[in-house]
Every structure is written in structure tokens, then in C-alpha cells.
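Trainee: Dock chains L and Y against chain B, hints included.
Listed below are the residues making up each chain.
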Amino acid sequence: MIDLPQLKENDVFVAFASYTTIVLSKMMFMSTATAFYRMTRKVFANPEDCASFGKGENAKKFLRTDDRVERVRRAHLNDLENIVPFLGIGLLYSLSGPDLSTALLHFRLFLGARIYHTIAYLTPLPQPNRALAFFVGYGVTISMAYSLLKNKLYL
Amino acid sequence: MIDLPQLKENDVFVAFASYTTIVLSKMMFMSTATAFYRMTRKVFANPEDCASFGKGENAKKFLRTDDRVERVRRAHLNDLENIVPFLGIGLLYSLSGPDLSTALLHFRLFLGARIYHTIAYLTPLPQPNRALAFFVGYGVTISMAYSLLKNKLYL
Amino acid sequence: MIDLPQLKENDVFVAFASYTTIVLSKMMFMSTATAFYRMTRKVFANPEDCASFGKGENAKKFLRTDDRVERVRRAHLNDLENIVPFLGIGLLYSLSGPDLSTALLHFRLFLGARIYHTIAYLTPLPQPNRALAFFVGYGVTISMAYSLLKNKLYL
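Each protein sequence line maps, in turn, to chains B, L and Y. According to the numbering used here, the stretch in the first sequence is residues 1 to 155, in order. According to the numbering used here, the stretch in the second sequence is residues 1 to 155, in order. According to the numbering used here, the stretch in the third sequence is residues 1 to 155, in order.
Same shape as in the complex, but just chain B (with noise of 0.2 angstroms):
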């Protein structure tokens, strides 16, 4: 099998590897949250994730929404929505052979955007905390796909 010694070596590329596991795993949190929910309060969207709380017309009482259930639903879409871009920006950015240091701070302040975001949302935190936390997440990739499109363009 082949190595690729270069991506291995780029300081960035590994910098890049490491924060979008970290974020990719926080996001994947959000499924287990929800599941969580919908156990603890045995609220279910499918008739046969309640077949085991009765039979029936007993069991239909369960399908029904939740306040909480819906905003961890929305929490997770809103990281699927930045994420996305995220990912894609972020790896095309990271092997474009930007500065270190500069790459670092955009990754740096994603997950923490993310992450505060996250907590804003399910506590929840009085605005501007969310909206605050998903403007610099937003700020990060457009600051990342401008320098993407700046340095070199092939339309």
C-alpha cells in the first residue's frame, strides 16, 4: 500500500483532520440527544418505535411532538446546515497551503462557535448567545472561502 507522506507531514491538513472529527463527533452527539429525549419522555415520530409501551390505540399516544425534541431536531439541522459547508470549504481551504497559525484560528474558533452554539440552543441562552455563536461559525467559512477564491479560481 502506497503512503501519502505529504498529507501526513502538512501541519494543516492534520490540524484540519483533527477539528473536523472533533466537530463531526459533537454533531453525531446530537442523534444520541434526541434519542435520549424521545426515550425519557416517550415522544416517537414511527409507530413501531412505542410497539413495547402498549398495543394499539394505547401505543398512538406516544407519536406526538415535544418542544424539547423539536429543538434538539433543530439544533442538529442548524450543525448539519454549517457543517456541510464547513467541511467542504474547510478541506479545499486546508490544502490550498494556507499559514498555520492562520488556519489554526479558523478551526479554533469553528468548534468553539459550534460547541457554544450547541449549548445556546439546548439550555437555552437568553439571544444574542445563539445568534452570536452561529455568526462567527458562519464568519469562519466565508472568511475561508474567500481566501479560497481570492488565491485561485477556475471557473
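Hints are computed from structural coordinates only; laboratory data are not their basis. Keep in mind that a hint or two might mislead.
Because identical chains cannot be distinguished in the list, a pair is counted as satisfied if it fits within a single copy or across any two copies.
Below, in silico cross-link-like pairs of lysine-lysine (DSS-like), each with a Cα-Cα straight-line distance of 27 angstroms or less [what the hints assert, rightly or not]:
no. : residue 1 : residue 2
1   : Lys26     : Lys150
2   : Lys42     : Lys26
3   : Lys42     : Lys60
4   : Lys152    : Lys26
Please read these numbers as outputs of a predicted model, since none were measured by experiment.
Mentor: Then chains L and Y, alone, in the frame of chain B:
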């Protein structure tokens, strides 16, 4: 144009590319499944989509939700939530030089788990079929993330 | 720090990076469109978001759904569902050494189709405008997936 011989001769990367392409194609199939159920059951989310079925008030009755359509949409969203982390973490894992047989085991389990998850969701099969499929896919991604973070980290 | 000369001199990869950055930035614009409609129409999903508009019962009346906001959210989710496969399959396709002009045709069609899809969804234009835009983008991704799987496969 410059060729990228290392990547094309890297078995793990070619395997990752093959499995990712298949799992993403499977996910795209969910869009056509949603469209199929919307058409056959005449269940639409936008007024312009059912304009051909009647004018004015007559068309509005098709603007509704349907258990079957919502089920496909939940399965699709669950795919997105799980395939995005697999995509990001799996790509970095493939580039980190893992053992070929270990990598293949991860990719095969993930693909199998996601296909079984869709079957269990759409049939629907009784629980814990879907839950097990979900946790196998989840476990594969966590295992790759752990291997990445243990291997080399730059924070 | 080690540079990655091959990738930066690979025209297909630079083209992929350019188009991906633009299409992801377009997708991120949907978040601000949602926020804009939520603000101007005073339609919120979380109590803390409309706390500044009144206290207690007075604020609760802003916790509602709105056709316009739901439309932008559906367009955003459709973007996610289609851009994620493009991101994964397109990256692998770019690294598989395709012909530059073929690759550019794929990327341009996809970007044009997704921009037209958003315009058709938000205006809204009568069908089949949106459906056609969807299928062009879908076809581009399927074509790249087919080219990848035909080319080299390791299962």
C-alpha cells in the same frame, strides 16, 4: 494535466471512493422515493406542484402531509445526519494510512448498516431492527474517529 | 510546512474547488434568507428568539409557522440533500483524473441547476421549472458516480 498516481494506487482510498459513491447514490435514491410517494399519493408541500390537478381551492386539498411521505423524509434526513460524518471522517481516515482489511471492514459494515436501516425504516420492520442498523453505522464512524484522533492530533 | 504542488496544479481539482466553494456559499445564503424572513415576518421557532417583542403570552403569538419561511427551509434542505452527494462524489471524481472539459461541463451544469432551483423555489416559478433544475443537478451527480464506479472499483 497532472495525474495523482498515489491516490489512484492507494487501495484504501479507492475502496473508500467506491463505498462512498454507492452510499451517496443510495441516499440520492431517497429523493426519488419521496417524489414517487408524493406523485402516487397526491401529497404536496407547494401550491405550484399540484397546479395541474386543479385550480384554486380544488388544488389546495393536495397540500397536506402523509404518513408514508413523512416516513421517507425522516429516513432521508437520518441518512444525511449519518452519511455526512462518515464522508468527512472516512475521507480523513482513508488518507491516514490504515490497514486495508480493517478499512474494508469499516466501509462494508457502514454500507450494509445504512442499506438495512432504509429497509427497516420503509418496510417498516419492528424495532430494534432500525435501532441496531443505526448503531452499527454510528459505531463504525466513531471507531474511525477514534483511530484518527489516537493516531495523530494537532489542536 | 509541506506544499501540495500536484493538487494546486491540477486544473480539474482547482475547478472543483472553485465551483464547490461557490455552491456551498450559495447554500449558506439560505440561512440568512431564513433569518431575514423570520425577522421581517416575526415568525419564530424558539421562545427566546422573540423575547424582545413582548413578555409571556404576548411573545407566544410569534411562535408560529409561515408559508414563506417553510418554503425557504424546504429549499435549504433540498440544497443539503443534493449538495452533499455532489461534494463527496465530485471530490472523488476530481481526483480520478477526468478530462478537464468534461469535468467543467459537469461542474457548470450543477452550479447553474442549483442556482436556478433556488430561484424557481423562492419566486416561485410554475412547475416543471423546479423539477427540471432538480433533475439536471441530480443527473450530473449520477453521471460522475457512474464514471467513478466504471473507472475503478474496490469492494
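Trainee: Hints first: check each against the structure and report whether it holds.
Mentor: Comparing the hints with the structure gives:
In this homomeric assembly, Lys26 and Lys150 come within 27 angstroms of each other (Cα to Cα) only across copies, at 17 angstroms, whereas the closest approach inside a single copy is 31 angstroms. With identical chains, the CA atoms of Lys42 and Lys26 are at most 27 angstroms apart within one copy only, with a shortest distance of 24 angstroms there and 31 angstroms across copies. Both within a single protomer and between protomers do Lys42 and Lys60 lie at most 27 angstroms apart by alpha-carbon distance, with minima of 11 angstroms and 25 angstroms respectively. In this assembly of identical chains, the alpha carbons of Lys152 and Lys26 lie at most 27 angstroms apart only when taken from different copies (19 angstroms versus 32 angstroms within one copy).
Of the numbered hints stated above, none is contradicted by the structure.
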